[in-house]
Amino acid sequence: MRKYTVCYLLLFFSISAYGQQVINQRVDSLKAILAKLPPERTSFSNDTLRVKVLCALAFRMAFSKPDSSVFYSEQALKIGERLNHILSIARANHQLGYSYLMLGKDFESSEYFFKSLKLSEQIKSDTLIASNNRQIAHAYFELKKYDLAEKHYNKAMPYFLKINYKKGYANCLNDIGRSYYMRKDYEKALAYFQQCLVYARKNGIQIMENYCTWSIANTYIEKKEYDKALAYATIGMKLNETIEGMVEYDWVMGYEALARIYSGKGDFKQALYYAEKPFKQFSDIREYNKLPLYERLYVIHKELGNYQKALYYHEEYIRLAEDSKKQEYEKQLESMRFEYDNMQLKENNALLNQDLIRETLIKKGLIIGVIGVLIFVVFFWWNNRLLKDKNQLIENQKEEILLVKTEVEELNKTLERKVEERTSELIQANNELTQKNQEISAALVKGQTLERKRVASELHDNLGSTLSGIRWMLQAIDRENLTSEEKKVYTNILNMMNNAYEEVRLISHNLLPDDFEQKGLFGALHKLTSDINQSGKLKIALVIEKDVIINDQKTALELYSICMELINNILKHAQATQAEIRFEQSSENWYVTVKDNGRGADINSANNGKGIKNIKNRVEALAASISFNSIANKSTIIKVTVPFIA
Numbered sequence: 001m002r003k004y005t006v007c008y009l010l011l012f013f014s015i016s017a018y019g020q021q022v023i024n025q026r027v028d029s030l031k032a033i034l035a036k037l038p039p040e041r042t043s044f045s046n047d048t049l050r051v052k053v054l055c056a057l058a059f060r061m062a063f064s065k066p067d068s069s070v071f072y073s074e075q076a077l078k079i080g081e082r083l084n085h086i087l088s089i090a091r092a093n094h095q096l097g098y099s100y101l102m103l104g105k106d107f108e109s110s111e112y113f114f115k116s117l118k119l120s121e122q123i124k125s126d127t128l129i130a131s132n133n134r135q136i137a138h139a140y141f142e143l144k145k146y147d148l149a150e151k152h153y154n155k156a157m158p159y160f161l162k163i164n165y166k167k168g169y170a171n172c173l174n175d176i177g178r179s180y181y182m183r184k185d186y187e188k189a190l191a192y193f194q195q196c197l198v199y200a201r202k203n204g205i206q207i208m209e210n211y212c213t214w215s216i217a218n219t220y221i222e223k224k225e226y227d228k229a230l231a232y233a234t235i236g237m238k239l240n241e242t243i244e245g246m247v248e249y250d251w252v253m254g255y256e257a258l259a260r261i262y263s264g265k266g267d268f269k270q271a272l273y274y275a276e277k278p279f280k281q282f283s284d285i286r287e288y289n290k291l292p293l294y295e296r297l298y299v300i301h302k303e304l305g306n307y308q309k310a311l312y313y314h315e316e317y318i319r320l321a322e323d324s325k326k327q328e329y330e331k332q333l334e335s336m337r338f339e340y341d342n343m344q345l346k347e348n349n350a351l352l353n354q355d356l357i358r359e360t361l362i363k364k365g366l367i368i369g370v371i372g373v374l375i376f377v378v379f380f381w382w383n384n385r386l387l388k389d390k391n392q393l394i395e396n397q398k399e400e401i402l403l404v405k406t407e408v409e410e411l412n413k414t415l416e417r418k419v420e421e422r423t424s425e426l427i428q429a430n431n432e433l434t435q436k437n438q439e440i441s442a443a444l445v446k447g448q449t450l451e452r453k454r455v456a457s458e459l460h461d462n463l464g465s466t467l468s469g470i471r472w473m474l475q476a477i478d479r480e481n482l483t484s485e486e487k488k489v490y491t492n493i494l495n496m497m498n499n500a501y502e503e504v505r506l507i508s509h510n511l512l513p514d515d516f517e518q519k520g521l522f523g524a525l526h527k528l529t530s531d532i533n534q535s536g537k538l539k540i541a542l543v544i545e546k547d548v549i550i551n552d553q554k555t556a557l558e559l560y561s562i563c564m565e566l567i568n569n570i571l572k573h574a575q576a577t578q579a580e581i582r583f584e585q586s587s588e589n590w591y592v593t594v595k596d597n598g599r600g601a602d603i604n605s606a607n608n609g610k611g612i613k614n615i616k617n618r619v620e621a622l623a624a625s626i627s628f629n630s631i632a633n634k635s636t637i638i639k640v641t642v643p644f645i646a
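For the sequence shown, our numbering gives the first residue as 1, with consecutive numbering after it.
Read the hints as simulated data drawn from the structure, not as lab findings. Just so you know, these numbers come straight off a predicted model, no measurement behind them. Beta carbons are placed, not taken as given, at the ideal position from N, Cα and C, and that holds for glycine. Be aware that one or more of the hints could be misleading.
Stated by the list, open to error - Distance windows between CB atoms, simulated: (1) Ser43 / Glu121: 23 to 33 Å; (2) Glu276 / Gln435: 25 to 35 Å; (3) Pro643 / Asp67: 19 to 29 Å; (4) Leu415 / Glu121: 29 to 39 Å; (5) Lys167 / Gln435: 30 to 40 Å.
Stated by the list, open to error - List of simulated lysine-lysine pairs, BS3-like, C-alpha gap at most 30 Å: (6) Lys105 / Lys31; (7) Lys238 / Lys290; (8) Lys105 / Lys166; (9) Lys290 / Lys302; (10) Lys238 / Lys280; (11) Lys554 / Lys527.
Just need the whole structure built from these sequences, with the hints factored in.
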């Protein structure tokens, strides 16, 4: 919505020949012009010219340096107020509204647009009236007060026609259609979008033709009329390619709309193509543009049976949606504050008006009394009675004021209670999201556990049985009938089969040993190292610092797998006689150090490639880091650092 504001500000500065000249100047040029102007208070014309330059400078800096834009706008406002020049004050207020809009302070922005609107109506500035109404309508639209937004759009439209700014008129038509779209009144929305499309084509406003085309496509998607939606979306994509300066948002929304269309038609492969295309076209997509894409990718992968990817995009969507909700809640709280301040302002104005009425009545009474005494002494009593009646009226008004004040105080208390209730709801929603994330993590760990059990069972029952059968068949061969060379081959094959059988049995046992489920990570590691120590192949010391506690099941399971992989590498490649596994803990991290006295290892060698890759994948899953320190023919030290947030 903010990109439309630029058009109105450009139009605002076009009200004078000087404005047309300075609006295209760069910031440095405008600063140079400002420096060359005569000092302030030199003359009225120089000061009004200074206001124009300050506003132009503020406009130029609104995108890159909005704080500086506010500073120059306030300088322009001070000069305008000192001059009591209404046009300058209206310009400065309008620019302040735009500067605060760029800062994301919608309500402060609206206050200045309202001030500018009041002044622009006073001096009958059609350009400012049109632009201010347009921006106020935008603010109400963001607050979801669509009736008020439509009211100000309709106020702006005749002024855009009057100043012959056709793009502004088309913008209002499209935005009114969007207000009905948000209220799910799709027939009225289509009527305004079609009217806007016809108007834009007739007047050659290609950018508005594009916006209206996509608005119609999205409306037909909501109506589930996907063939019509696809027809308009195809036109929209061609316009995207034709029009220069189309930004990331325009392309992302176009691809997302096509993904929704093909999802609705049941063609999820084509839907996936369009949902993934923005990530290929743009290297770094903004967070708020990713939100609809992640939601669409979650639905598509779920329908295609890619549950792991679906879960990933669902989690990313939840994360971004939660941030978006927080911003929406903050905006709602800011809205309540704005309405409260506005109510207080109205109350103060009402009190001032009452005081003014009371003073006016007293003055009139005194004048009538003096005239009565001087001219009509006979009517003295009547005049005295009249004054008493009026005093009674004043007392009644005081009582009414006190009553209104009491009602306002009650209203304030009600507002505070509603804010507290809303805050409580937000906290509860956040707790529910946290619980849901924990449930998803628990489900992933449970799934990994079940898969480990299944693989261990398959290894033990199937591959183990097969190897055992082959071993028995080999043992059944009569060695006496073999030559000496064949006996050597026979013995080697039998030894290799025995080793393979033992290794499969050990792998299947340690994929998820019973001790891990019953005693946890450290109990399982004690059992593992004890078994290896008893085999005599390697002496492993397991050292666990007394303050180390790992309760997270996922972290424990991944660390067990990492230790298993490292021990397996030591047994196969290190030719070590001693090894140590050490667990330590700091205020922020767990540390797992595995070292041996073997011959050292080339981490990048082919023999180590698969195992090291598995270890790195598990380390990455924990958001952890790993370091390798290998000294040839002496030792290897591997240290894994796991943050608590894992």
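Those earlier numbered hints the structure runs against, lowest number first: Structure breaks hints 3 and 5.
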